[in-house]
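Asker: Sequence:
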Amino acid sequence: MVVCGDDALAHRLAAELSGMYQEPVTLVLPPTGEGRRPLDGIPGRREPVVPVRVIEARALDDEVLAEAGVATAQALALVHDDDETNIHAALRARRLNPRVRLVIRLFNRKLGRHLEELLDRSVEIAAPDLDPVAVDASTTVLSDADTAAPALAAAAIVGTSKVVHADGLILRAAERPPAASGEPDTRPSLCTLALFSAADSPDAGEGSEDSGDEGPRLLPDDELAARSPERGRVVLETVTHDGAPAPPRRLSRTPPLSTLFSRRMRMSLLGLVTAVGALAVASVLLTGDDPLHAAYLSLLDLIAIGDPAEGEEPARQILQLLSGMVGLLLLPVLVAAVLEGLGTFRSASSLRRPPRGLSGHVVLLGLGKVGTRVLSRLHEMGVPVVCVEHDPDARGVALARRYRVPTVIGDVTEEGVLEAAKVHRSSALLALTSHDSTNLEAVLYARGVSDRLRVVLRLYDDRFAAAVYRTLRDSHPGATTRSRSVSSLAAPAFAGAMMGRQVLGAIPVERRVLLFAAVEVKDCPALEGRTVREAFRPGSRRVLALDVAAPAQRRPDLAALPAGWQTVERELLWQPHPGYVLRPEDRVVLAATRQGLAELLGRHPRPGRDGPEDDGPEDGGPAPARS
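Counting in our numbering, the sequence shown runs from 1 upward without gaps.
Hint data in this document are derived by calculation from the structure and do not stem from the laboratory. For every residue, glycine included, the Cβ atom is placed at its ideal position computed from N, Cα and C. Any given hint could be a false lead.
Stated by the list, open to error - Here are the computed lysine to any residue pairs in the SDA-like style, where the Cα-Cα straight-line distance is at most 20 Å:
#1 522 - 581
#2 422 - 441
#3 422 - 444
#4 522 - 536
#5 522 - 548
#6 422 - 480
#7 110 - 81
#8 422 - 401
#9 422 - 358
#10 422 - 353
#11 422 - 411
#12 422 - 355
#13 422 - 451
#14 422 - 410
#15 522 - 136
#16 110 - 380
#17 522 - 580
#18 110 - 402
#19 522 - 549
#20 522 - 550
#21 110 - 84
#22 422 - 404
#23 110 - 122
#24 422 - 448
#25 422 - 157
#26 522 - 537
#27 422 - 445
#28 522 - 576
#29 422 - 450
#30 422 - 409
#31 422 - 354
#32 110 - 83
#33 522 - 135
#34 422 - 382
#35 110 - 395
#36 422 - 383
#37 422 - 390
Stated by the list, open to error - Okay, the calculated beta carbon distance ranges per label pair:
#38 391 - 51: 33 to 43 Å
#39 414 - 117: 38 to 48 Å
#40 581 - 475: 51 to 61 Å
Start from the sequences and build out the full structure, keeping to the hints where you can.
Answerer: Pasting the structure below:
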């Protein structure tokens with residue numbers, strides 16, 4: 001496996017492949033002196049892993065790719081923060097080795113779809129005799145921001161729920177508090193996904209692998225769940241589909257009059273039109289002139305270009321004087337109308353300010369790659385948002401302008417910026433900038449304002465995150481604070497794609513991660529020939545659904561929706577019978593820990609690991625490049 005990157009995702013991905021899947025990895029990084037910390041081993045693993053070969057290179061040219069072993073590699077991951085760098089390297093790698101499996105990190109979704117088609121077509125041309133069953137030379141384009149956005153948005157909206165969204169598949173995982181008086185929880189659910197840390201654990205609420213049995217327990221069996229009524233739990237509550245998207249409304253090229261002019265201006269224009277009409281009618285009645293000619297003369301008099309009515313009837317002279325007086329009012333009204341129209345267009349292209357009475361909204365700090373995706377999610381859900389960004393040219397500012405989302409341009413560390421976003425009246429704060437100190441400062445300020453505010457902050461260093469959490473928990477015991485790492489949520493999906501598997505998504509359980517994946521039974525000896533009950537391994541994996549579609553009609557990643565497809569039940573059977581025997585032609589959707597999925601799919605399962613696996617910390621590793 002070859003991994004090329006320049007931020008924390010590359011380190012995380014190398015850790016997943018070497019520590020979980022026991023795969024030999026070559027990691028290509030920029031030189032240490034170019035803004036990157038030295039690589040002192042793979043972060044987040046306490047046990048020995050397969051040694052990772054590290055190559056430092058300024059650019060991914062043909063020589064560097066050849067030195068990394070791309071010509072003989074099984075898979076290549078290009079996870080640089082810059083899309084253009086990844087595209088150039090993907091084109092070179094496909095030319096060097098048409099048989100290599102490519103996993104590319106791209107933020108641009110539309111470009112990613114076209115790139116997948118282009119690179120897959122190049123394989124058919126360069127290696128027409130390639131057997132797709134024996135050699136998987138596919139191209140997968142993923143976005144770390146898209147992977148993390150559902151979990152971040154859900155944490156901001158409800159504080160406790162987790163959502164895994166893979167377009168056609170939506171898994172909703174809800175947190176439930178401990179049952180009252182030790183009574184069992186009888187509320188309906190599909191299964192229990194995890195138990196939270198014990199209330200007396202020192203890391204309760206944000207437990208990691210260091211918490212032992214008192215920490216979070218992923219995928220417990222029914223007996224353990226029944227014996228632990230004092231623990232909160234994550235349950236799979238509903239599995240639904242959004243349905244077909246509504247057809248886009250056709251936008252008129254001409255804005256309606258009500259959006260261009262104020263009510264006072266519209267009334268003034270209506271009064272002028274009425275006055276001109278009344279003058280034309282009076283001219284017809286008093287002079288007996290033709291109606292069309294009378295209206296024409298009234299307009300000429302109105303704009304003062306008609307001939308003086310000397311020697312004509314007194315009625316005609318009086319009407320001309322009245323028309324001239326009305327014409328004096330026409331000029332200021334026209335000037336005001338032009339200014340209002342220009343002001344409307346200018347305000348439409350500028351950022352909105354938070355309304356005066358706004359409350360119950362989500363304050364989003366940072367409109368980089370991750371913040372942009374989270375903003376899009378929140379907007380789709382109809383959640384009111386106020387954004388804060390110090391860079392007016394950030395990629396998410398244009399999206400906020402298009403969505404008409406109130407945005408404050410300024411540094412959150414400066415006095416008055418968070419006040420302008422009305423954080424004191426908000427329901428949640430999402431601190432998603434690329435600087436730990438900035439996120440922490442914003443959270444500390446918010447905590448000083450209100451303990452009821454839900455806070456989700458993006459922190460990279462695991463030890464720093466644990467210290468921050470404990471301090472905030474002790475200082476504000478009733479507050480809801482969550483720390484999330486984008487790289488820890490994205491790395492399992494990238495690693496699964498490199499192994500030729502589709503990871504549908506991940507949900508954070510305190511500081512651990514639970515994965516959802518669709519796998520073929522024939523590729524997993526641990527599943528083939530076993531019943532659904534026998535395939536369940538507490539603390540490791542659990543079968544959730546069975547794909548009942550014909551093999552030729554199955555969607556590879558449960559994401560591309562055929563036209564007219566409405567419900568997920570047509571292809572997925574949830575809660576299959578425990579006695580159902582899994583056949584080689586079956587495909588299942590399962591929930592698994594990182595170690596459990598690696599042991600199920602990897603070629604080198606780690607020996608001597610019968611108990612719950614050692615999930616790595618959620619945060620940690622070198623600080624990534626600024627997004």
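Asker: Determine for every hint whether it applies to the structure shown.
Answerer: Cross-check of the supplied hints:
1. The straight-line distance between the Cα atoms of residue 522 and residue 581 is roughly 13 Å, inside the 20 Å bound, and the hint therefore holds.
2. Of the supplied pair hints, the one linking residue 422 and residue 441 holds, its CA atoms being roughly 16 Å apart against a limit of 20 Å.
3. Taking the CA atoms of residue 422 and residue 444, the gap is near 15 Å; set against the 20 Å cutoff, the hint holds.
4. With a CA separation close to 17 Å, the supplied pair residue 522 and residue 536 stays within the 20 Å bound.
5. Between residue 522 and residue 548 the CA atoms are separated by roughly 15 Å; this keeps the pair inside 20 Å, and the hint holds.
6. Taking the CA atoms of residue 422 and residue 480, the gap is near 19 Å; set against the 20 Å cutoff, the hint holds.
7. Between residue 110 and residue 81 the alpha-carbon distance is near 17 Å, which keeps this suggested pair within the 20 Å criterion.
8. Restraint check: the Cα-Cα separation between residue 422 and residue 401 comes to about 19 Å, which is no more than 20 Å; the hinted pair holds.
9. Simply put, residue 422 and residue 358 have alpha-carbon atoms about 8 Å apart, close enough for the 20 Å limit, and the pair holds.
10. Using a Cα cut-off of 20 Å, the hinted pair residue 422 and residue 353 holds, with the two alpha carbons roughly 11 Å apart.
11. Between residue 422 and residue 411 the alpha-carbon distance is near 15 Å, which keeps this suggested pair within the 20 Å criterion.
12. Pair hint residue 422 plus residue 355 holds up; C-alpha atoms about 9 Å apart against a cutoff of 20 Å.
13. The straight-line distance between the Cα atoms of residue 422 and residue 451 is roughly 15 Å, inside the 20 Å bound, and the hint therefore holds.
14. A C-alpha spacing of about 14 Å is found between residue 422 and residue 410, which places the hinted pair at or below 20 Å, so the restraint holds.
15. Restraint check for residue 522 and residue 136: the C-alpha separation of about 16 Å stays at or below 20 Å, so the hint holds.
16. For the hint pairing residue 110 with residue 380, the CA-to-CA distance comes to about 19 Å; that is within 20 Å, so the pair holds.
17. Of the supplied pair hints, the one linking residue 522 and residue 580 holds, its CA atoms being roughly 16 Å apart against a limit of 20 Å.
18. Restraint check: the Cα-Cα separation between residue 110 and residue 402 comes to about 18 Å, which is no more than 20 Å; the hinted pair holds.
19. Restraint check for residue 522 and residue 549: satisfied, since their Cα atoms lie roughly 16 Å apart, inside the 20 Å limit.
20. With a CA separation close to 15 Å, the supplied pair residue 522 and residue 550 stays within the 20 Å bound.
21. About 14 Å separates the Cα atoms of residue 110 and residue 84, which keeps this hinted pair within 20 Å; it holds.
22. For the given pair, residue 422 sits about 17 Å from residue 404 by alpha-carbon distance, which is consistent with the 20 Å threshold.
23. At most 20 Å may separate the alpha-carbon atoms for a hinted pair to count; residue 110 and residue 122 meet this at roughly 19 Å.
24. With a C-alpha separation of about 14 Å, the suggested pair residue 422 and residue 448 falls inside the 20 Å cut-off, and the hint holds.
25. Between the alpha carbons of residue 422 and residue 157 the distance comes to roughly 17 Å, so the proposed pair stays at or under 20 Å and holds.
26. Using a Cα cut-off of 20 Å, the hinted pair residue 522 and residue 537 holds, with the two alpha carbons roughly 18 Å apart.
27. Restraint check for residue 422 and residue 445: the C-alpha separation of about 12 Å stays at or below 20 Å, so the hint holds.
28. Only pairs whose Cα atoms come within 20 Å are accepted, and residue 522 paired with residue 576 is accepted, the gap being roughly 18 Å.
29. Between residue 422 and residue 450 the alpha-carbon distance is near 12 Å, which keeps this suggested pair within the 20 Å criterion.
30. For the proposed pair residue 422 and residue 409, the alpha carbon gap of about 14 Å is at most 20 Å, so the pair holds.
31. Simply put, residue 422 and residue 354 have alpha-carbon atoms about 8 Å apart, close enough for the 20 Å limit, and the pair holds.
32. For a cut-off of 20 Å, the pair hint linking residue 110 to residue 83 stands: about 12 Å separates their Cα positions.
33. Between residue 522 and residue 135 the alpha-carbon distance is near 16 Å, which keeps this suggested pair within the 20 Å criterion.
34. For the given pair, residue 422 sits about 19 Å from residue 382 by alpha-carbon distance, which is consistent with the 20 Å threshold.
35. Simply put, residue 110 and residue 395 have alpha-carbon atoms about 16 Å apart, close enough for the 20 Å limit, and the pair holds.
36. Proposed proximity of residue 422 and residue 383 is supported: the alpha carbons are some 15 Å apart, at most 20 Å.
37. The straight-line distance between the Cα atoms of residue 422 and residue 390 is roughly 16 Å, inside the 20 Å bound, and the hint therefore holds.
38. Hint check: residue 391 to residue 51, Cβ distance near 40 Å, so the stated range 33 to 43 Å holds.
39. The given range of 38 to 48 Å is respected by residue 414 and residue 117, whose C-beta atoms sit roughly 46 Å from each other.
40. For the hinted restraint 51 to 61 Å between residue 581 and residue 475, the CB-CB distance of approximately 54 Å keeps it satisfied.
Checked against the numbered hints above, the structure violates none of them.
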